[in-house]
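Student: Here's the letter readout for the chains.
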Amino acid sequence: MLTRLLVEPFDLPFMQRALVEALLLGVVAGVVSVFVLLRRLAFVSDALTHTVFPGVVIGYLVAATDGVVWGALAFALLSAVLFTVLSSGRRVTEDATLAMLLTGFFSLGVVLVSRRSSYTADLTTFLFGRILFVDSREIVETAVIGAVVLAVLLLVGKELVLRAFDPGAAAALGYRVAVLDLVLNVAVALVVVAAVKAVGTVLVIALLTVPGATARLLSARLPVVMALSVAVACLSGWVGLAVSYEASVDHGVRLASGGTVVLAMVACYTLALPAGAVAARWGRRRVVPAPDPYPRRTGVDEVSG
Amino acid sequence: MSLFGEDYTRRALLEVVLVGALCGAIGVHVVLRRLSFFTMAMTHATFPGIVLASLLGVNLLLGTGVFGVLLVLTVAGLWTRRGTDQTSVVGVVLSGGFALGVVLLSAQSGFTKDLSAYLVGSILTVDGGDLLVTGIVAVAVLALVTVLGKELLLAAFDPAALVAMGYSATVLNVVLLLAVETTVVVAVPAVGTILSVALIVAPAATARLWCDRITPMMITATGLGILSGVVGLAVSQLVDVAAGAAIVLTACGVFAVSLVATRLRGRWTARRAAGRPADERPAVRVRGGAGG
Amino acid sequence: MADGREQPGAPALSLQHASIAYGRSTVVEDVDGEVRPGSAVALIGPNGAGKSTLIKAVLGLVPVVAGRITVLGRTPAQARRHVGYVPQADTLDADFPVTVAQVVLMGRYRMIGWARPPAARDRRIAAEALAAVGLSDRARERFGTLSGGQRQRVLLARAIAQQPRLLLLDEPFNGVDAVSQDALLQALARLRAEGAAVVVSTHDLALAHVACDEVCLLNKHQFGFGPTGTTLVPELLRATYGGQALEVRGDSVIVAR
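Note that the protein sequences, when read in sequence, are chains A, B and C.
Counting from 1, position 141 in the first sequence corresponds to residue 141 in the working numbering; the numbering is continuous, with no gaps.
Counting from 1, position 73 in the second sequence corresponds to residue 1073 in the working numbering; the numbering is continuous, with no gaps.
Counting from 1, position 28 in the third sequence corresponds to residue 2028 in the working numbering; the numbering is continuous, with no gaps.
Next up, chain A with everything else stripped away, as it sits in the complex (with noise of 0.2 Å):
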C-alpha cells in the first residue's frame, strides 16, 4: 500500500524529474534555511522570492524563456545587494524597509506584465510554479546553482554562524560583517533563482523557512539540526508529490503539487511541536517549566540573566 503510494507514481518521467527536482532543491534549501534561522531571514526570503519578479518579465521580454533565469539572477543579485545595504538605516527598521522593497519591484513586474494579455497566467505559473513540467535542462540549472551555493556555505560556513550568534565578535575578529551578510543574502537569492521558475514563489518560501524551523524544534546541535532540515525538505517534497498525484488520479482531486508540498512541510513542523516539546522536557530533569515572561519584539531577541 505504502509502496503504491510513494513509490509508484514515480515510474512516470515527469514524475521522475519532479522529485528530482524537489529533492536536488531539498538538500540546498534544508541547508540554506538552517542559516535563514539562524539570521532570522525569513522575510529576506520572502521578499527576495517577490523581488524577482521583474526580473522574470523583463527576462522573457527581452530574450523570451531563455532570459528568464538570467533576469531574475541580475534582480536576485541588484535585491540581495538592496537588502545588505538598506539594512543598515537606522531609523526605519530592515522590516519596513524590506516591505517596500518586496512591493515595490513586485509592483513594477506587475506594471510590465499588465500590459500584455496574458496577464493573469503569467502571475499563478509566477506563484505556484509548474514543477510537473520541468525538463531537464531546468533540473541542470537548478543543480548547477544548487552545487555553487552549498561550495559557498561550505568555505564561510562557520564563519556565518559566528556572525549569526555574535556580529560584535565576528567584526572583533577583523571579519566585515556586511561582506558575510551579503554572502547569505546572495545564497539565498541564487536558491529563489534556482527554484522560483519550476516551483513557483510559494513553495520558495516554504523551502527557505519551515525546514530549518522544523529541525530547529527538535534539536539543538547544529550539525543534527541540518541534517533534519535536508531530511525534512526531502521527505515534505518526496511525501507531497506522491499525494497529489495520488489525490489527482485515484481520486479525481486535483491538488497543487507545490502547495501540497507545503503542506506536508507545515505537517512536519506541526508534529515537530509537540516532539521538541517532550524531548526537551526529557533532556531536562529537574526543571521548573518558566512561561515566556518577556514581551519581545519581532526580530528582537534579548536574553539577560
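Bear in mind the hints are in silico, worked out from the structure with no lab data behind them.
Where a beta carbon is used, it is the ideal one built from N, C-alpha and C, also for glycine.
Warning: the hint list may mix true and false statements.
To be verified - Stretches of chain B that chain C covers, calculated by requiring three or more beta carbons in the stretch to come under 8 Å of a beta carbon on chain C: (1) 1153-1161; (2) 1211-1219.
Claimed, not checked - Example chain B residues on the side facing chain C (calculated, C-beta under 8 Å, incomplete): (3) L1148; (4) A1164; (5) G1166.
Once you've looked at the hints, dock chains B and C against the given chain A.
Tutor: Chains B and C only, in chain A's frame:
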C-alpha cells in the same frame, strides 16, 4: 477633468481614500513594532479564508474574518512558547496558510481566475457594500488606536516596563494583531495583498522619516496613505496600468524621495551643529575601598 | 504615601528564603532579608549572579519556586502598581519617536487608566518628576537624542512619576556620566526621604557605600545581607566574586567586570 467622472472610478476613489487612511493609521504601529513581516504573512495566510468562504458560500468578509482571528491566535500562541523563534513562526504560518489556499483552490475548477485580483486587487470593481464595510472598519480601527494610544505606545517603546507596571502584554499584543488582521481582511479583497502591505508600511515609514513624535507621525501617515492612493489611481487611469501596482509604486516612490531628502537635510544640519560640545564623559567603573 | 491599609513598619519588600527559577534552571537560591520603607539596599554580585533575575522576581515576572517574596504585604504581581522599575536605558530603542515628556508620563499610565487621556494633574506630577532629575529643559526633545546618562535619569523620572513605594533599579549607573550620576543619587535620596524603599543592582562598590545603607551580596545564592559597613567587607566580597576578585591592598578589592 473627467478623470474621476465615471461612477466606478468615483467608488474606487472613495475606497482608496478609506483604505489609505485606515492603512496609514495602523501602519504606524506596524512600523514601530516591526510587524511588517507579520502583516505580509497575514495577507498571504488569509487566502484560504477567502477560498473557503467562496466554497461554502458564506459571506466573504465573515469567512476571512473568522479565519483571520484563528490565524492571529495561532501566531500569538506560538510566540509565547519558549524556544520558538518569532520570525520563523511567521514564515511557517505564511507558507502554510497560503499553500492551503492554493491547494483548496486547485481542487476547484476555475484555478487562475481569482488569483491576480487577489494579488494586486481589482479596485475598479468595488461596490457600495465594500465601501460601507471599509468605512466601518476604518472608523473602528482609528477609534481603537486613538483610545488605546498611550498603552500601545508604551508597549511599543518599553515592553518590559509595560509588564512591570502590571499590564497584560499578551492582551495588548493580540488586540493590536487583530487590528492589523482586520485591516488586511478588509483591504485585500478590494486592493490585493501586495497593495495592502505597501499601503500599511510605506506611508508610516515615510512619516517616521519626517516626524519625531507619534501623533504627528500618525497624522502624516494617514495623509500620505490617502495621497498615495489618489495619485496612484489617477496615474493608472491616465497611463492604463494596473491600479494597485501604480498605487504601490507611488507610495514607495514617496518613501524613496523622502529618504534622500531627509538624508540630505540630516547632513546639512549635522554640518551646522558640528561645533556643539559632547556632554558625556566616560564613566568610572572600577572602584576600591571596602570597609573604611 | 501610606494608604493606611499597611501596618506601620511593615517591610516594603520581604524575601523569605526565596529561590527563583528562570527557564531551565534555578538561577538564585535562598535569598533572605527585608527592605524597610525609606531604606536602600544595593544588590552586589558579578555578571550572571542573578541580580536582574531577582529584580524580575520582585516584579512578579519570574516565578519563585521555593520560599516567598512579599511586596508591601502582598504578592509581587498584586503590588506592581506601587512598584517602580528602572531598566537599563541602553536596552531601549534610541530611534523610537517619543519625547522625554512622553516617556515620563508613561509612569502615570496605570493611574490614568485605560482609554483615558492624561489629566492636568498627571502632567504636573510628570513635570515635577522630570524636574527632580534635573532635566526639565529637555522635556520636548526626543528621548534618543539624550546622552546615556540623561536617558537613565528620564527613566528614573518615569518611575518617580509613578509615585512608587518600592523602587527597583537595574544597573542604573552603567556608563553614566558624573553629572547624571549626581542627579540620580540626589533624586534617589529625595524618594527615600519621602518613604520609598529602594533596591539597586550595581557593580560599583563605592556607590553602594554612598547611596545605600544595606547591601545584599549575591552570586547564585546569598553571601551576605546587612548594613553596608559590616557586610561590604573584603572576605565576603571575595567569597561572592570568587576568582573574579583581585586583592590590591590589605583591605581593597577591585572587582573585575
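Student: If a hint holds in the structure, say so; if it does not, say that too.
Tutor: Going through the hints against the structure:
1. 1153-1161: holds (count 7)
2. 1211-1219: Three-residue rule met by the segment 1211-1219 of chain B, so holds; n is 5.
3. L1148: Because about 7 Å separates B/L1148 from the closest Cβ in chain C, which is inside the 8 Å limit, the hint holds.
4. A1164: For B/A1164, the interface hint holds, since the closest Cβ of chain C sits about 4 Å away, which is under 8 Å.
5. G1166: holds, 4 Å
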